[in-house]
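A.B. asks: Each chain, letter by letter, is given below.
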Amino acid sequence: MTSSKTTPLIETIGLNKSYVNDEVETPVLHDINLSISSGEFVAIMGPSGSGKSTLMHILGFLDVPTSGHYNFKGASTEEKSEDELARIRSASVSFVFQSFNLLPRTSVFDNVMLPLLYNSATRVSERKDRVMKAIESVGLTDRATYLSNQLSGGQQQRVAIARALVTTPEIIFADEPTGNLDSTSGTHVMEILQNLHRSGHTIILVTHEQMTAEHAERIIRLHDGHVISDDRAFTRRIAKRGGQIK
Amino acid sequence: MRLHDLSTTALRGVTRNRSRALLTMLGIIIGVGAVVLMTSVGKSMESVILGQISALGPKTIALWPGKNGPEMGAATLNPDFDSIKLSDVEALKRLRTVSNIAPGIFIEGKTTYGTEETDTRVMGASPEAYTNQVVTIAEGRLHDAQDEFDGRFVAVLGPDTARDLFYNQSPIGKRISIGNHKYTVIGVLEPVGTQFFQNADERVVIPFETARIVSGRTYVDMVSMQSTEDPADAIDDIQWLLRRRHKIVPPATGASTDNDDFLVRSSAQAQEILSTVSISLTVFITMIAAISLVVGGIGIMNIMLVAVTERTREIGLRKALGAQGRDILLQFLIEAVTLTFLGGLVGLIGGLGVNALIVAIATRFLERYIFAVNPIAIVAALLMAAGTGLAFGIYPARKASRLNPIEALRYE
Ligand SMILES: Nc1ncnc2c1ncn2[C@@H]1O[C@H](COP(=O)(O)OP(=O)(O)OP(=O)(O)O)[C@@H](O)[C@H]1O
Ligand SMILES: [Mg+2]
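In order, the protein sequences belong to chains A and B. Note that this note's numbering has the first sequence beginning at 813, numbered continuously upward. Note that this note's numbering has the second sequence beginning at 2, numbered continuously upward.
Chain A extracted, bound-state conformation (with noise of 0.2 Å):
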C-alpha cells in the first residue's frame, strides 16, 4: 500500500470535457486537476448542472475526456479503446446510479450475478458464495430470491450497493445513491457505504446534500464545472472547534 501513498489511484491534470451537439460545443468541466489516494472516501458536491455526473462518468471510465490528463494508477488512460476501458471498469470499479439500474423482473440474485458475468478473473464455482455474501452484507439474504420490482426502493439500492460490490472493486462510485430514498433508507445506504469505507474500498460519492456529504472524509466542491474548494473533513472539524491543525 505503500506504492499508492506515493502513486495517487486517481490523478486528472487539465482535464476538460465538453459535449458537441449539432455543432454547438457545451463546455462542462474547466481545467479540472484531482489526486484522489485509495482508500479515500470522497464527495462530489455542486449544484444541479455543475458537472457532478460527468466527472463521475470520466473518472469511472464510462466517458472519455476531450483534452487534459486522466492517470490511472500512475498509468496514462488516453488512447485506451472502448474494450479496454470495458475490462477496467470490470476489473475494477462499480457503480451505484441514483435511479437503482436493476434489471427488471429478474431476482436479485441475478441482479447481483450480472457483473460476474462479465469479470473473466472470477471462477465460475465462486461466484454463487460470492453473490450470497455480497446480498448478506447489505443485509437482504431473506430476499435472494425476489424479483427486482417486488422490493422497495431503500431495498432496490442496497441490491445495487450488493451488486457494486460483489467484484470487490477498488473503487465504488456512487452518484445520488439516496437520492431516490427518503431519509431511513437514505441512512441505511450511508452505512453500508461507510463500512464499505473502513473495510479499505475507494468510495467517490456524488451528491447535492450537505448531510449526505457529511459522510465522507473529503468533500470536492464543484461549480459550473470547476472545482472551487477540495478540503479535508478533519481540517473541517478542526476549524469548527476554532483549534489549529497540528
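I should point out that these hints are in silico values taken from the structure, not numbers from a laboratory. A few of these clues could be false.
Which stretches of chain B does chain A cover? Using the computed rule of at least three CB atoms under 8 Å from a CB of chain A, they are [as the list claims (entries may be wrong)]:
hint, segment
1, 309 to 318
2, 324 to 335
Every beta carbon over 12 Å from chain A, so not counted as near; a handful from chain B, in silico [unchecked claim]:
hint, residue
3, LEU7
4, ALA35
5, PHE107
6, THR116
7, GLU117
8, TYR131
9, PHE167
10, ARG213
11, LYS248
12, SER267
13, GLU273
14, VAL355
15, PRO376
16, ALA381
17, ILE407
18, LEU410
Yeah, the Cβ is synthetic: ideal placement off N, Cα and C, and Gly gets one too.
Chain A is already provided as a structure; the job is to place chain B with the ligands on it using the hints.
C.D. replies: For chain B with the ligands alone, kept in the frame of chain A given last:
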C-alpha cells in the same frame, strides 16, 4: 463472457416475452414447416411411383397404340386404336435388341363365379408378360407355353379378384365365367399393390391365344418386352421397324412431335420423367422456403431492433458493469439465432405432424404411400432458419454493441 453465460442470458431475453417471441417466429415456423411438409410429401409420392417403376424392372419396354403429345408425359392412349397388328408383333420378335415379347389383349365382359360377380380387367397375355411385369404366383401355377399353344380356357387371378369371388375358399380348379366363356382357375398371384393409381391385384390373366380367338382381333392393346442391351437402342429399333411397316415418315431430327400411331416407353424413361418432376418440385419448394425465410428474417430483424431500443438502458447497464461490445453483440446475435432456430424446430415438428396426418389419410388410398422424411431437407431448413437469425440479427446486434454506455443509461 463465457459461452454458457451468453446463451443463458440470450435465452432469458427470448423467454422474457414469450407471446412476442412466438409471433416473431411465425414467419420462420411457416417457412420451415412448409419445406418439411412438401419435401416429405414429395418423397412419399416419389417412393410410390418409383416403387411401381422399379417393380417393372429397369429393362422393361412397353408399346401401346396411340399418339405422342408435345411432351413425353402428355401422350394420349387410345384403347380402341388398332394400329399394332399381330403381324407387327411377329416382326418385333425378329429384332435382336428386344426379347421376351408379350402381346396383350383386353377382354370385355363380367367375371362371375356362381352368383358372385366382379368388375375386373381381363387381359389375354403370353406367359412372358409375367417376367416383364415381375409378378409371381402365390398358389397354383402361372399359365405356360402349352396353355398358349393349345389356346386353353384357363385363368390366373389377382389376389383381390380371387377374394372377391371365392372369399376364403381356394379358387384352384374352380370354373369361372368371363363374358360367354368358362375358364378353369389355375393360379392366384402374389399381391403387388397399387400400380399407377390402379389396383393391380384386381385382375384376371388368360392365355393370349385364347383371348385372340375369343375376341377375333387382329390387333393388340399393348406389347411388353425386355431390351437385351441399351433400352434406348431398343426403342430406336422398334420405332424404325414400326414406322417402316406403317409407312410413317420419321420426324426431322430434333422435332418434338412425330406422326407415329404408337407409343413406346422404357421404364428408364419413366424414371427420367419422374426425376424432372421432382427437380421442378424441389426448385418450387426452395423458392417458397427462401421467400418465407426472408420474410421471417425481416420480422426477426424488426423485433430485434425494437428489443434493442426497448432495452437500451439494460445495454448501458451491462456496459457500465463491464460488458464489452463483443459481449453485447453476441448476446443479441444468439438471441436472434435462438428465435429462428426455435422457430425452425417448431416448424419442423408442425410440418412432420401435418405430414403424419396426410400419411394416415393417404395410406387408405395408396398402398405404397409411406411416412417419408427428407433428412437433408430437415437439416437444411434448420440451418437456413439459424442462418436467417444470423443474417438478420447482425444489424440490430451491432447497433446494440455500439451504444455509448452513458447515453444508453440516460435513455428513457
Ligand atoms: N450528452 C450531453 N450533451 C450535452 N450536454 C450535456 C450532456 N450531458 C450533460 N450535459 C450538460 O452538462 C452539464 C453537466 O451535467 P451533469 O449531468 O454532469 O450535471 P450534474 O452536476 O450531475 O447535475 P445533477 O445534480 O442535476 O445530476 C449540464 O449542463 C448538462 O446539460
Ligand atoms: Mg448528476
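A.B. asks: So is B:PRO376 really clear of chain A, every C-beta pair being over 12 Å apart?
C.D. replies: Given that every Cβ of chain A is farther than 12 Å from that of B:PRO376, nearest at about 37 Å, it holds.
A.B. asks: Would B:LEU410 pass as off the interface with chain A, using Cβ distances and a cut of 12 Å?
C.D. replies: violated, 7 Å
A.B. asks: Please check whether the segment 309 to 318 of chain B has three or more residues whose CB lies within less than 8 Å of a CB on chain A.
C.D. replies: n = 3 at 8 Å, threshold three: holds.
A.B. asks: So B:LEU7 supposedly isn't at the interface. Is its beta-carbon more than 12 Å from every beta-carbon in chain A?
C.D. replies: B:LEU7 is in fact no farther than 12 Å from some Cβ atom of chain A, at 9 Å.
A.B. asks: Would you say B:TYR131 is clear of chain A, with no C-beta pair closer than or equal to 12 Å?
C.D. replies: B:TYR131 is indeed farther than 12 Å from all Cβ atoms of chain A, at 73 Å.
A.B. asks: Is the Cβ of B:GLU117 farther than 12 Å from every Cβ of chain A?
C.D. replies: Consistent with the label, B:GLU117 stays out of reach of chain A, its closest Cβ about 75 Å off (over 12 Å).
A.B. asks: Measuring Cβ to Cβ, find out whether B:ILE407 lies farther than 12 Å from everything in chain A.
C.D. replies: Check fails; 5 Å does not lie beyond 12 Å.
A.B. asks: Please confirm whether B:VAL355 is truly not at the interface, meaning its C-beta sits more than 12 Å away from all C-beta atoms of chain A.
C.D. replies: At roughly 36 Å from the nearest Cβ of chain A, B:VAL355 sits farther out than 12 Å, so the non-interface label holds.
A.B. asks: Establish whether the coverage given for the segment 324 to 335 of chain B by chain A is satisfied; the threshold is a Cβ-Cβ distance below 8 Å, and no fewer than three residues must meet it.
C.D. replies: holds (count 5)
A.B. asks: With 12 Å as the threshold, tell me whether B:ALA35 passes as away from chain A on beta-carbon distances.
C.D. replies: holds, 35 Å
A.B. asks: Over 12 Å to the closest beta carbon of chain A is the bar; see if B:ARG213 clears it.
C.D. replies: Non-interface label stands for B:ARG213: nearest chain A Cβ at 87 Å, farther than 12 Å.
A.B. asks: Holds or violated: is the Cβ of B:THR116 farther than 12 Å from all Cβ atoms of chain A?
C.D. replies: holds, 79 Å
The structure does not agree with the numbered hints 3, 17, 18 stated previously, though it agrees with the rest.
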